[in-house]
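Visitor: Heads up: the protein sequence lines correspond to chains P and Y, in order.
Residues 788 to 899 in our numbering are what the first sequence lists, from first letter to last.
Residues 13 to 126 in our numbering are what the second sequence lists, from first letter to last.
These are calculated hints, taken from the structure and not from any lab test.
Predicted model, so just to flag it, every value in this text is computed and none were measured.
Every residue gets a Cβ at the ideal spot worked out from N, C-alpha and C, and that includes glycine.
Wrong hints could be hidden among the right ones.
If we take Cβ atoms under 8 Å as the criterion, some of the chain P residues that face chain Y in the derived model are [said to hold, decoys possible]:
(1) I794
(2) L798
(3) S833
(4) D885
(5) K886
Under the rule of at most 25 Å between Cα atoms (straight-line distance), these lysine-lysine pairs were calculated in the BS3-like manner [claimed, not checked]:
(6) Y:K90 to P:K788
(7) Y:K54 to P:K855
(8) P:K855 to Y:K95
(9) P:K788 to Y:K54
(10) P:K829 to Y:K95
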Amino acid sequence: KQEVTQIPAALSVPEGENLVLNCSFTDSAIYNLQWFRQDPGKGLTSLLLIQSSQREQTSGRLNASLDKSSGRSTLYIAASQPGDSATYLCAVKSYNTDKLIFGTGTRLQVFP
Amino acid sequence: EPEVTQTPSHQVTQMGQEVILRCVPISNHLYFYWYRQILGQKVEFLVSFYNNEISEKSEIFDDQFSVERPDGSNFTLKIRSTKLEDSAMYFCASSEIRGQETQYFGPGTRLLVL
Numbered sequence: 788k789q790e791v792t793q794i795p796a797a798l799s800v801p802e803g804e805n806l807v808l809n810c811s812f813t814d815s816a817i818y819n820l821q822w823f824r825q826d827p828g829k830g831l832t833s834l835l836l837i838q839s840s841q842r843e844q845t846s847g848r849l850n851a852s853l854d855k856s857s858g859r860s861t862l863y864i865a866a867s868q869p870g871d872s873a874t875y876l877c878a879v880k881s882y883n884t885d886k887l888i889f890g891t892g893t894r895l896q897v898f899p
Numbered sequence: 013e014p015e016v017t018q019t020p021s022h023q024v025t026q027m028g029q030e031v032i033l034r035c036v037p038i039s040n041h042l043y044f045y046w047y048r049q050i051l052g053q054k055v056e057f058l059v060s061f062y063n064n065e066i067s068e069k070s071e072i073f074d075d076q077f078s079v080e081r082p083d084g085s086n087f088t089l090k091i092r093s094t095k096l097e098d099s100a101m102y103f104c105a106s107s108e109i110r111g112q113e114t115q116y117f118g119p120g121t122r123l124l125v126l
């Protein structure tokens, strides 16, 4: 059974720092992995999707990498801003299933 | 930019009542999903839907739940007889191609069962 874990659970950093959020999964036979942002009481905003054949994806200040063999993905946020404050979720999709399996998230606070 | 919409944003109901949560997926998407998130817990998959039938459901999606696409735009989740433990945020999602592409999520409906 696929399990997804995210560390750290919470992170508080000053504005301008580069930071790394971690996601690990127990079954490496994934089809893709998606990173989301969730603001308090709000929906999920998709940030990046990495297919199993890819090693990384970039969007603006965000870079996500995938190491399937070790069951890990990282989300790198460059030059963090207070507007980046949110909970970041990773979710994996395995073969032969429609569902995304989510981690518990990393709650990020970037202070001015 | 196209987005998934959900109504209502909040719903309060009494235990045992029926509720219908509504979603309008992105117009050219063919695959639809419902997830839920109990406060403080992980987002959990409930059901996926394609070509007017359920393609996959989780163990949470028991007989009290049903889904329907009543017309060309809406996608609904019905809970027949709500329980206290059904209180959660319910998210609808859609994707263009099964599994290969991003699932786009709506803003959610917060359901509170009293």
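Visitor: Tell me, which hint numbers fail for this structure?
Guide: When the structure is compared with the hints, numbers 1, 2, 6 and 8 turn out to be violated.
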